[in-house]
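Each protein sequence line maps, in turn, to chains A and B. For the first sequence, my numbering assigns the number 1 to the initial residue and increments by one for each residue that follows. For the second sequence, my numbering assigns the number 1 to the initial residue and increments by one for each residue that follows.
These are calculated hints, taken from the structure and not from any lab test. Keep in mind that a hint or two might mislead.
[Said to hold, decoys possible] Here are the computed distance ranges between Cβ atoms for each label pair: (1) A75/A <-> Q118/B: 27 to 35 angstroms; (2) D8/A <-> M57/B: 33 to 41 angstroms; (3) T71/A <-> P64/B: 21 to 29 angstroms.
[As the list claims (entries may be wrong)] Calculated Cβ distances over 12 angstroms to all of chain B for the following chain A residues: (4) S12; (5) E20; (6) A23; (7) S39; (8) K41; (9) E49; (10) G55; (11) E57; (12) E60; (13) T61; (14) E64; (15) A65; (16) G66.
Don't be surprised by glycine CBs; every beta carbon is placed ideally from N, CA and C.
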Amino acid sequence: MAQKTIIDARGSFCPGPLMELIAGIKMAQVGDELEVLSSDKGSANDIPEWIKKVGHEMLETREEAGVWHITVRKAK
Amino acid sequence: MVVSGTRERLQMAAMVASVGAVSGNEVTVFLSMNALQYFVKASSRDAPAEGTFGAKMQGENIPPFKTLFKQAVELGDAKVYPCSMAMDVLGLEREALEPYLGEPRGLTKFLADASGAQIWTF
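This is chain B alone, in the form it adopts within the complex:
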């Protein structure tokens, strides 16, 4: 579950999702709140740093979090779902979002599918 819009948290979420997915784990990502805005198609919006680590990340050759989420899907068969509530609030249609995202999903469906699994929130 990814809700933060800060660089460090998005990066950590993307790392866990991508490495987890390519290591044989079933990974489902639910994007909501401040996280969703970055997944608007071709958005080049830069996530602000939360602390000194995030500031240090700027200019380093660190794989961008969006690339890692895409690789989680393409190389590890992860599923990345936009939250339908967040889409309503932002006034976004499915077509406005990156094509590697799955169909919008509500919290009830996400929680039902995640029943019995580990849920990590970033």
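Okay, chain A solo, but in the shape it has when bound:
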């Protein structure tokens, strides 16, 4: 059963949110979803780039009250 993990990286600057996500992905199982909360706009652009480069799956990026919610699925 796939799990969903929330990674709250609000307040942290680049590359903090990305590194926290990567640490989360290491711990997760293939198929699990991870949602990063980030108040850093650079990370909102950078995380999808990283996901594309290493071959995981981007599910959603949305902004809500100054916080980006970036949801990804571990693909391998």
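Place chain B on chain A using the hints.
For chain B alone, kept in the frame of chain A given last:
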């Protein structure tokens, strides 16, 4: 190659090393000169700002450069080597340095291994 002891340069080096390593690049870091002192075990020494940006970094929630170098090793399989010359000058033994660093290395070995790779100096 990291030689500076200022906050901005150490931060930029740590960012490039960590993001580079977790993005599938082979990353090797060589720490020498003013950079090495911060990697003494449990050193809480604060790197001085070089300019206004560095001053502004203080008090912000920016990931500490030492944490980023450690993550480069743990999450991206980067190698971080202390320069053996700098260790001799500072009178440091391997045991005095952070455990995530590799074995001390001379410049000749570093350059031989880095042959054909891009070398960036901070």
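Against the structure, test the hints numbered earlier, and report the numbers of the ones violated in rising order.
2, 4, 5, 6, 7, 9, 10
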